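Visitor: Sequence:
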Amino acid sequence: MFYLIILLGGKVTGIVPELANPHFPAVFPNLFCNVHTKKQIRIYGGRDAKLGEFPMMVELRDHIHNRHHCGGFLIHDRYVLTAAHCLVCEDSEPCFDKLEIMVGDTTRNRFLWLPWSQPPPTRQIIPIRRVSVHEHFSIAYTSNDIALIELEKPVKKSKYVDPTVIAKTDPKLYVYCQVVGWGRTEFSNGASSKKLMTAVVQIQNSSLCKMTLAGFIGGQMICAGDLQGRNDSCFGDSGGPLICDKVVVGIVSYGYNCAMPNYAAAYTDVSYYQGWVRAKLKKLIANATIESKRLKLFSSMLYYLIGMIILYF
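By the working numbering, the letter at position 132 of the sequence shown is numbered 364, and the numbering carries on one by one without gaps.
If you are wondering where the hints come from, they were derived from the structure by calculation, not from laboratory data. All values reported here derive from a predicted model rather than from experimental measurement. Heads up, the beta-carbon is just placed ideally off N, CA and C, and yes, glycines get one too. Worth double-checking, as some hints may not be accurate.
Stated by the list, open to error - Simulated crosslink set (BS3-like; lysine-lysine; CA at most 27 Å straight-line):
| no. | residue 1 | residue 2 |
| --- | --- | --- |
| 1 | 514 | 400 |
| 2 | 389 | 282 |
| 3 | 282 | 427 |
| 4 | 388 | 514 |
| 5 | 388 | 426 |
| 6 | 389 | 514 |
| 7 | 515 | 388 |
| 8 | 385 | 514 |
| 9 | 515 | 385 |
| 10 | 478 | 426 |
| 11 | 514 | 330 |
| 12 | 389 | 442 |
| 13 | 389 | 515 |
| 14 | 389 | 330 |
| 15 | 427 | 391 |
| 16 | 330 | 400 |
| 17 | 442 | 385 |
| 18 | 330 | 385 |
| 19 | 427 | 478 |
| 20 | 389 | 400 |
| 21 | 442 | 400 |
| 22 | 404 | 478 |
| 23 | 400 | 515 |
| 24 | 282 | 426 |
| 25 | 427 | 330 |
| 26 | 515 | 330 |
| 27 | 391 | 514 |
| 28 | 442 | 388 |
| 29 | 426 | 404 |
| 30 | 282 | 514 |
| 31 | 282 | 385 |
Said to hold, decoys possible - Just the calculated beta-carbon pair ranges, DEER-fashion:
| no. | residue 1 | residue 2 | range |
| --- | --- | --- | --- |
| 32 | 341 | 397 | 41 to 49 Å |
| 33 | 351 | 439 | 22 to 30 Å |
| 34 | 353 | 478 | 21 to 29 Å |
| 35 | 451 | 394 | 25 to 33 Å |
| 36 | 397 | 432 | 18 to 26 Å |
| 37 | 361 | 537 | 21 to 29 Å |
| 38 | 404 | 488 | 20 to 28 Å |
Starting from the given sequences, assemble the full structure and let the hints guide the process.
Guide: Below, the structure written as C-alpha coordinates:
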(Lines of atoms letter the chains of each structure in order from A; the text may use other names.)
(Lines give C-alpha, C1' and ligand atoms only; values in the text may rest on other atoms or scores of the structure.)
Protein backbone atom coordinates (compact mmCIF):
# COMPACT_ATOMS: atom_id res chain seq x y z
CA MET A 233 0.00 0.00 0.00
CA PHE A 234 1.77 3.16 -1.02
CA TYR A 235 2.47 6.03 1.35
CA LEU A 236 0.23 8.85 0.12
CA ILE A 237 1.27 12.34 1.23
CA ILE A 238 0.79 14.57 -1.80
CA LEU A 239 -1.11 13.53 -4.91
CA LEU A 240 -0.11 15.36 -8.07
CA GLY A 241 -1.95 15.57 -11.34
CA GLY A 242 -1.11 13.56 -14.42
CA LYS A 243 -2.22 10.21 -15.63
CA VAL A 244 -0.24 7.11 -16.43
CA THR A 245 -0.21 6.56 -20.17
CA GLY A 246 1.16 3.85 -22.36
CA ILE A 247 0.06 1.00 -20.11
CA VAL A 248 -0.73 -2.01 -22.23
CA PRO A 249 -3.45 -3.85 -20.31
CA GLU A 250 -2.52 -7.36 -21.29
CA LEU A 251 1.05 -8.27 -22.18
CA ALA A 252 3.39 -11.11 -21.44
CA ASN A 253 6.02 -8.48 -20.54
CA PRO A 254 4.28 -5.18 -19.86
CA HIS A 255 6.13 -1.87 -19.58
CA PHE A 256 5.11 0.81 -17.14
CA PRO A 257 6.26 4.45 -17.36
CA ALA A 258 8.13 6.31 -14.63
CA VAL A 259 5.53 8.08 -12.50
CA PHE A 260 5.96 8.81 -8.78
CA PRO A 261 8.33 5.86 -8.15
CA ASN A 262 8.61 6.53 -4.41
CA LEU A 263 4.89 6.03 -3.83
CA PHE A 264 4.79 2.39 -4.81
CA CYS A 265 4.39 -0.61 -2.57
CA ASN A 266 7.77 -2.15 -3.27
CA VAL A 267 9.57 -3.23 -0.16
CA HIS A 268 12.71 -1.32 -1.00
CA THR A 269 11.02 1.98 -0.20
CA LYS A 270 12.02 3.21 3.25
CA LYS A 271 8.70 4.02 4.89
CA GLN A 272 6.95 0.70 5.04
CA ILE A 273 5.22 -1.03 7.91
CA ARG A 274 3.18 -4.09 8.66
CA ILE A 275 -0.48 -4.28 9.38
CA TYR A 276 -0.85 -2.22 12.54
CA GLY A 277 -2.32 -4.05 15.49
CA GLY A 278 -3.91 -7.41 14.87
CA ARG A 279 -2.25 -10.79 15.29
CA ASP A 280 -0.37 -13.54 13.48
CA ALA A 281 -2.52 -15.48 11.03
CA LYS A 282 -2.71 -19.25 11.43
CA LEU A 283 -1.58 -21.61 8.70
CA GLY A 284 -4.63 -22.36 6.56
CA GLU A 285 -6.70 -19.53 8.04
CA PHE A 286 -6.54 -17.57 4.78
CA PRO A 287 -5.99 -20.21 2.08
CA MET A 288 -6.61 -17.68 -0.70
CA MET A 289 -3.68 -15.51 0.43
CA VAL A 290 -0.81 -14.98 -1.99
CA GLU A 291 2.55 -13.34 -1.55
CA LEU A 292 4.04 -11.60 -4.56
CA ARG A 293 7.77 -11.94 -4.00
CA ASP A 294 10.80 -10.56 -5.78
CA HIS A 295 12.74 -13.73 -6.56
CA ILE A 296 15.74 -11.75 -7.83
CA HIS A 297 16.37 -10.17 -4.43
CA ASN A 298 14.48 -12.78 -2.38
CA ARG A 299 12.17 -10.29 -0.70
CA HIS A 300 8.53 -9.45 -0.20
CA HIS A 301 6.81 -7.23 -2.76
CA CYS A 302 3.01 -7.20 -2.32
CA GLY A 303 -0.01 -9.28 -1.43
CA GLY A 304 -2.72 -10.83 -3.57
CA PHE A 305 -5.36 -13.55 -3.42
CA LEU A 306 -6.47 -16.54 -5.48
CA ILE A 307 -9.79 -16.34 -7.32
CA HIS A 308 -9.06 -19.43 -9.46
CA ASP A 309 -6.45 -22.17 -9.27
CA ARG A 310 -4.38 -20.29 -11.86
CA TYR A 311 -5.39 -16.64 -11.38
CA VAL A 312 -4.63 -14.02 -8.73
CA LEU A 313 -6.16 -10.61 -8.05
CA THR A 314 -3.93 -7.83 -6.74
CA ALA A 315 -3.51 -4.05 -6.88
CA ALA A 316 -2.35 -2.61 -10.19
CA HIS A 317 0.28 -0.45 -8.48
CA CYS A 318 1.95 -3.64 -7.25
CA LEU A 319 3.02 -4.33 -10.82
CA VAL A 320 4.89 -1.03 -11.18
CA CYS A 321 8.41 -1.19 -9.77
CA GLU A 322 10.17 1.51 -7.81
CA ASP A 323 12.88 1.79 -10.46
CA SER A 324 10.15 2.26 -13.07
CA GLU A 325 11.13 -0.96 -14.80
CA PRO A 326 8.64 -3.77 -15.41
CA CYS A 327 8.39 -6.09 -12.40
CA PHE A 328 6.78 -8.91 -14.30
CA ASP A 329 9.99 -10.85 -14.80
CA LYS A 330 11.09 -10.30 -11.20
CA LEU A 331 8.01 -11.65 -9.47
CA GLU A 332 6.70 -15.05 -8.48
CA ILE A 333 3.97 -16.07 -6.07
CA MET A 334 4.05 -18.01 -2.83
CA VAL A 335 0.97 -19.74 -1.39
CA GLY A 336 0.35 -22.19 1.44
CA ASP A 337 2.66 -20.63 4.01
CA THR A 338 2.34 -17.81 6.55
CA THR A 339 6.09 -17.29 6.99
CA ARG A 340 7.20 -15.26 4.02
CA ASN A 341 11.00 -15.58 4.14
CA ARG A 342 12.55 -18.74 5.50
CA PHE A 343 16.24 -19.53 5.81
CA LEU A 344 16.09 -22.74 3.86
CA TRP A 345 19.60 -23.82 4.85
CA LEU A 346 18.53 -24.03 8.49
CA PRO A 347 16.84 -27.34 9.43
CA TRP A 348 14.42 -25.62 11.85
CA SER A 349 13.34 -23.10 9.20
CA GLN A 350 12.22 -25.46 6.48
CA PRO A 351 8.92 -24.58 4.75
CA PRO A 352 5.87 -26.73 5.38
CA PRO A 353 4.86 -29.19 2.64
CA THR A 354 1.86 -26.93 1.97
CA ARG A 355 4.09 -24.17 0.56
CA GLN A 356 4.10 -23.64 -3.23
CA ILE A 357 6.20 -21.26 -5.34
CA ILE A 358 4.88 -20.61 -8.86
CA PRO A 359 6.18 -18.27 -11.60
CA ILE A 360 3.95 -15.62 -13.14
CA ARG A 361 3.06 -16.06 -16.79
CA ARG A 362 1.35 -12.79 -17.69
CA VAL A 363 -0.61 -9.95 -16.15
CA SER A 364 -3.70 -7.98 -17.11
CA VAL A 365 -3.78 -4.45 -15.65
CA HIS A 366 -6.96 -2.40 -15.75
CA GLU A 367 -6.93 -0.31 -18.92
CA HIS A 368 -7.67 2.93 -17.05
CA PHE A 369 -5.42 2.42 -14.05
CA SER A 370 -4.00 5.74 -12.87
CA ILE A 371 -1.24 6.09 -10.30
CA ALA A 372 -1.74 9.83 -10.06
CA TYR A 373 -5.43 9.50 -9.23
CA THR A 374 -5.17 6.01 -7.65
CA SER A 375 -8.17 4.93 -9.72
CA ASN A 376 -8.87 1.46 -11.15
CA ASP A 377 -6.19 -0.04 -8.92
CA ILE A 378 -6.79 -3.67 -9.89
CA ALA A 379 -4.90 -6.30 -11.88
CA LEU A 380 -5.24 -9.98 -12.72
CA ILE A 381 -2.24 -12.32 -12.73
CA GLU A 382 -2.01 -15.58 -14.64
CA LEU A 383 0.30 -18.25 -13.20
CA GLU A 384 2.52 -20.59 -15.18
CA LYS A 385 0.61 -23.54 -13.75
CA PRO A 386 -2.36 -24.09 -11.44
CA VAL A 387 -1.84 -24.24 -7.70
CA LYS A 388 -2.43 -27.56 -5.96
CA LYS A 389 -5.57 -26.93 -3.96
CA SER A 390 -5.91 -28.07 -0.35
CA LYS A 391 -7.29 -26.71 2.91
CA TYR A 392 -4.17 -24.50 2.98
CA VAL A 393 -4.40 -23.29 -0.64
CA ASP A 394 -7.83 -22.54 -2.04
CA PRO A 395 -9.33 -19.78 -4.24
CA THR A 396 -11.91 -17.44 -2.78
CA VAL A 397 -15.02 -15.71 -4.09
CA ILE A 398 -15.31 -11.97 -4.53
CA ALA A 399 -18.27 -9.91 -3.39
CA LYS A 400 -21.13 -9.10 -5.73
CA THR A 401 -22.36 -6.24 -3.56
CA ASP A 402 -20.77 -3.60 -1.37
CA PRO A 403 -20.30 -4.36 2.34
CA LYS A 404 -22.69 -2.77 4.80
CA LEU A 405 -21.60 0.34 6.63
CA TYR A 406 -19.79 -0.07 9.95
CA VAL A 407 -19.44 -3.85 9.76
CA TYR A 408 -16.13 -5.25 11.00
CA CYS A 409 -13.86 -6.92 8.45
CA GLN A 410 -10.36 -8.36 8.28
CA VAL A 411 -7.37 -7.11 6.32
CA VAL A 412 -4.51 -9.54 5.72
CA GLY A 413 -0.90 -9.03 4.65
CA TRP A 414 2.83 -9.01 5.24
CA GLY A 415 4.92 -5.87 5.83
CA ARG A 416 7.32 -4.09 8.16
CA THR A 417 6.91 -4.27 11.90
CA GLU A 418 7.26 -0.58 12.72
CA PHE A 419 6.82 2.69 10.90
CA SER A 420 10.44 3.72 11.46
CA ASN A 421 11.97 0.23 11.46
CA GLY A 422 13.19 -1.40 8.25
CA ALA A 423 12.66 -4.95 9.53
CA SER A 424 9.82 -6.79 7.80
CA SER A 425 7.34 -9.02 9.54
CA LYS A 426 8.10 -12.64 8.76
CA LYS A 427 4.58 -13.73 9.65
CA LEU A 428 1.32 -13.13 7.85
CA MET A 429 -0.77 -10.69 9.89
CA THR A 430 -4.46 -9.98 10.14
CA ALA A 431 -6.26 -7.06 11.76
CA VAL A 432 -9.86 -5.93 12.19
CA VAL A 433 -11.02 -2.72 10.52
CA GLN A 434 -14.47 -1.21 10.15
CA ILE A 435 -16.25 -0.17 6.96
CA GLN A 436 -16.61 3.61 7.08
CA ASN A 437 -18.75 6.06 5.19
CA SER A 438 -17.17 7.09 1.89
CA SER A 439 -17.55 10.73 2.89
CA LEU A 440 -14.79 10.26 5.49
CA CYS A 441 -12.26 9.10 2.89
CA LYS A 442 -13.37 11.77 0.41
CA MET A 443 -12.48 14.38 3.03
CA THR A 444 -9.20 12.85 4.15
CA LEU A 445 -7.78 11.00 1.12
CA ALA A 446 -6.92 12.76 -2.12
CA GLY A 447 -8.21 10.86 -5.13
CA PHE A 448 -10.77 8.76 -3.30
CA ILE A 449 -13.64 7.79 -5.64
CA GLY A 450 -16.86 6.63 -4.05
CA GLY A 451 -18.35 3.56 -5.70
CA GLN A 452 -14.99 2.38 -7.06
CA MET A 453 -13.37 2.37 -3.63
CA ILE A 454 -14.23 1.21 -0.12
CA CYS A 455 -13.35 3.29 2.92
CA ALA A 456 -12.28 1.16 5.89
CA GLY A 457 -10.22 1.62 9.03
CA ASP A 458 -10.05 1.90 12.80
CA LEU A 459 -10.76 5.52 13.69
CA GLN A 460 -9.03 5.09 17.03
CA GLY A 461 -5.77 4.42 15.19
CA ARG A 462 -5.16 0.91 16.54
CA ASN A 463 -5.45 -1.25 13.40
CA ASP A 464 -4.70 -0.51 9.77
CA SER A 465 -3.09 -1.76 6.57
CA CYS A 466 -0.03 -0.11 5.10
CA PHE A 467 3.16 -0.63 3.04
CA GLY A 468 3.75 -4.20 1.99
CA ASP A 469 0.06 -5.01 2.46
CA SER A 470 -0.88 -3.65 -0.97
CA GLY A 471 -2.83 -6.04 -3.16
CA GLY A 472 -4.04 -8.11 -0.22
CA PRO A 473 -7.69 -8.81 0.56
CA LEU A 474 -10.22 -7.00 2.71
CA ILE A 475 -12.51 -9.78 3.92
CA CYS A 476 -16.03 -9.35 5.30
CA ASP A 477 -17.90 -12.46 6.42
CA LYS A 478 -15.48 -14.77 4.55
CA VAL A 479 -15.95 -12.91 1.25
CA VAL A 480 -13.33 -10.62 -0.30
CA VAL A 481 -14.85 -7.16 -0.73
CA GLY A 482 -11.75 -5.07 -1.39
CA ILE A 483 -8.08 -4.89 -2.36
CA VAL A 484 -5.59 -2.92 -0.25
CA SER A 485 -4.83 0.22 -2.26
CA TYR A 486 -3.60 3.34 -0.43
CA GLY A 487 -3.92 5.60 2.59
CA TYR A 488 -2.53 8.57 4.49
CA ASN A 489 0.26 7.44 6.82
CA CYS A 490 -0.85 4.36 8.77
CA ALA A 491 -3.13 3.82 11.75
CA MET A 492 -3.88 7.53 12.07
CA PRO A 493 -6.78 8.38 14.40
CA ASN A 494 -9.84 9.59 12.49
CA TYR A 495 -8.39 8.36 9.19
CA ALA A 496 -9.27 5.33 7.09
CA ALA A 497 -7.67 3.65 4.09
CA ALA A 498 -8.87 3.16 0.52
CA TYR A 499 -9.56 -0.31 -0.85
CA THR A 500 -10.45 -1.16 -4.44
CA ASP A 501 -14.12 -2.21 -4.46
CA VAL A 502 -14.12 -5.64 -6.15
CA SER A 503 -17.90 -5.71 -6.60
CA TYR A 504 -17.59 -2.65 -8.83
CA TYR A 505 -15.07 -4.52 -11.01
CA GLN A 506 -16.69 -7.96 -11.08
CA GLY A 507 -17.64 -7.53 -14.75
CA TRP A 508 -14.06 -6.58 -15.63
CA VAL A 509 -12.71 -9.54 -13.67
CA ARG A 510 -15.08 -12.01 -15.36
CA ALA A 511 -14.26 -10.70 -18.83
CA LYS A 512 -10.49 -10.82 -18.29
CA LEU A 513 -10.67 -14.22 -16.64
CA LYS A 514 -12.71 -15.62 -19.53
CA LYS A 515 -10.24 -14.23 -22.07
CA LEU A 516 -7.15 -15.47 -20.24
CA ILE A 517 -8.61 -18.96 -19.74
CA ALA A 518 -9.55 -19.12 -23.44
CA ASN A 519 -6.05 -18.05 -24.46
CA ALA A 520 -4.48 -20.58 -22.11
CA THR A 521 -6.66 -23.35 -23.58
CA ILE A 522 -5.66 -22.42 -27.13
CA GLU A 523 -1.99 -22.30 -26.20
CA SER A 524 -2.25 -25.69 -24.49
CA LYS A 525 -3.85 -27.24 -27.59
CA ARG A 526 -1.17 -25.75 -29.82
CA LEU A 527 1.56 -27.08 -27.56
CA LYS A 528 0.03 -30.57 -27.59
CA LEU A 529 -0.29 -30.47 -31.38
CA PHE A 530 3.32 -29.31 -31.75
CA SER A 531 4.54 -32.02 -29.35
CA SER A 532 2.59 -34.69 -31.26
CA MET A 533 4.04 -33.55 -34.59
CA LEU A 534 7.54 -33.43 -33.12
CA TYR A 535 7.24 -36.97 -31.71
CA TYR A 536 5.87 -38.17 -35.05
CA LEU A 537 8.76 -36.56 -36.92
CA ILE A 538 11.33 -38.06 -34.55
CA GLY A 539 9.67 -41.47 -34.93
CA MET A 540 9.77 -41.25 -38.72
CA ILE A 541 13.44 -40.29 -38.66
CA ILE A 542 14.27 -43.22 -36.37
CA LEU A 543 12.35 -45.65 -38.62
CA TYR A 544 14.01 -44.26 -41.75
CA PHE A 545 17.53 -44.66 -40.43
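Visitor: Next, verify each hint and record whether it holds.
Guide: Hint check:
no.: 1; hint: 514 to 400; in the structure: holds, 17 Å
no.: 2; hint: 389 to 282; in the structure: holds, 17 Å
no.: 3; hint: 282 to 427; in the structure: holds, 9 Å
no.: 4; hint: 388 to 514; in the structure: holds, 21 Å
no.: 5; hint: 388 to 426; in the structure: holds, 23 Å
no.: 6; hint: 389 to 514; in the structure: holds, 21 Å
no.: 7; hint: 515 to 388; in the structure: holds, 22 Å
no.: 8; hint: 385 to 514; in the structure: holds, 17 Å
no.: 9; hint: 515 to 385; in the structure: holds, 17 Å
no.: 10; hint: 478 to 426; in the structure: holds, 24 Å
no.: 11; hint: 514 to 330; in the structure: holds, 26 Å
no.: 12; hint: 389 to 442; in the structure: violated, 40 Å
no.: 13; hint: 389 to 515; in the structure: holds, 23 Å
no.: 14; hint: 389 to 330; in the structure: holds, 25 Å
no.: 15; hint: 427 to 391; in the structure: holds, 19 Å
no.: 16; hint: 330 to 400; in the structure: violated, 33 Å
no.: 17; hint: 442 to 385; in the structure: violated, 41 Å
no.: 18; hint: 330 to 385; in the structure: holds, 17 Å
no.: 19; hint: 427 to 478; in the structure: holds, 21 Å
no.: 20; hint: 389 to 400; in the structure: holds, 24 Å
no.: 21; hint: 442 to 400; in the structure: holds, 23 Å
no.: 22; hint: 404 to 478; in the structure: holds, 14 Å
no.: 23; hint: 400 to 515; in the structure: holds, 20 Å
no.: 24; hint: 282 to 426; in the structure: holds, 13 Å
no.: 25; hint: 427 to 330; in the structure: holds, 22 Å
no.: 26; hint: 515 to 330; in the structure: holds, 24 Å
no.: 27; hint: 391 to 514; in the structure: holds, 26 Å
no.: 28; hint: 442 to 388; in the structure: violated, 41 Å
no.: 29; hint: 426 to 404; in the structure: violated, 33 Å
no.: 30; hint: 282 to 514; in the structure: violated, 33 Å
no.: 31; hint: 282 to 385; in the structure: holds, 26 Å
no.: 32; hint: 341 to 397: 41 to 49 Å; in the structure: violated, 29 Å
no.: 33; hint: 351 to 439: 22 to 30 Å; in the structure: violated, 45 Å
no.: 34; hint: 353 to 478: 21 to 29 Å; in the structure: holds, 25 Å
no.: 35; hint: 451 to 394: 25 to 33 Å; in the structure: holds, 30 Å
no.: 36; hint: 397 to 432: 18 to 26 Å; in the structure: holds, 21 Å
no.: 37; hint: 361 to 537: 21 to 29 Å; in the structure: holds, 28 Å
no.: 38; hint: 404 to 488: 20 to 28 Å; in the structure: holds, 24 Å
Checked against the numbered hints given earlier, this structure breaks hints 12, 16, 17, 28, 29, 30, 32, 33; the rest are met.
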